[in-house]
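Colleague: Each chain, written out:
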Amino acid sequence: NAGVTQTPKFQVLKTGQSMTLQCAQDMNHNSMYWYRQDPGMGLRLIYYSASEGTTDKGEVPNGYNVSRLNKREFSLRLESAAPSQTSVYFCASSEEARETQYFGPGTRLLVL
Amino acid sequence: RKEVEQDPGPFNVPEGATVAFNCTYSNSASQSFFWYRQDCRKEPKLLMSVYSSGNEDGRFTAQLNRASQYISLLIRDSKLSDSATYLCVVNLVTGNQFYFGTGTSLTVIP
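Note that the protein sequences, when read in sequence, are chains G and B. Under this note's numbering, think of the first position of the first sequence as 1415, with each following residue one higher. Under this note's numbering, think of the first position of the second sequence as -17, with each following residue one higher.
Treat the hints with care, since some could be wrong.
[To be verified] The calculated lysine-lysine pairs, modelled on DSS-like cross-linking and capped at a C-alpha distance of 25 Å, are:
| hint | chain 1 | residue 1 | chain 2 | residue 2 |
| --- | --- | --- | --- | --- |
| 1 | B | Lys61 | G | Lys1471 |
| 2 | G | Lys1485 | G | Lys1428 |
| 3 | G | Lys1471 | B | Lys27 |
| 4 | B | Lys(-16) | G | Lys1423 |
| 5 | G | Lys1423 | G | Lys1485 |
| 6 | B | Lys27 | G | Lys1423 |
| 7 | G | Lys1485 | B | Lys27 |
These aren't lab readings, by the way, just hints derived from the structure by calculation. Keep in mind it's a predicted model, so treat the numbers as computed, not measured.
All chains should be built: construct the whole structure from the sequences, respecting the hints.
Modeller: Have a look at this one:
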């Protein structure tokens, strides 16, 4: 099992560009999450999907959109990137909400 | 006020030492508690869940104090491989959001 995979690993964008971060899990988990991690801030939840077909805002959703494409895949879209979105983005999944989360390797994003 | 607060450290300890980390949480409705470990430039990985009665896994012991709203992690006989950042995580019973502390950095010195 690959667990949780994310693509791309690294990305450089110019302000105003758009991109989609991809996440997939092969553990048949119901819940999936997107976090960002910034120095001194800890991980902060952007969006989550408690089950296939549902998505909800987390702590810092502004500037992002998500799609739960199917049970395996949960994508995060930046419609118009801003320098404040420079961060490390982690996707995670759990069998059910409030249970142990398993993280992907992260995407390092730099917005110039 | 942050939901979860940790002393960022860094903690620099010699091999074989015992080290303890504390973490406080602000919401008394917090239901689930975890310690995660994060190596430099890697993803967080579950170290252990924290149960009301306390739990132990080898050299690691986790405790929960609901009255004072803190959880602790004790590492005995520290190894070089224990060097990492340790993240405290809590979850509220009413929602699906997990709240992460900023992490405590540990370096074990030969």
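Colleague: So which of those numbered hints doesn't the model satisfy?
Modeller: Violated hints (numbers, rising): 1, 2, 4; every other hint is consistent with the structure.
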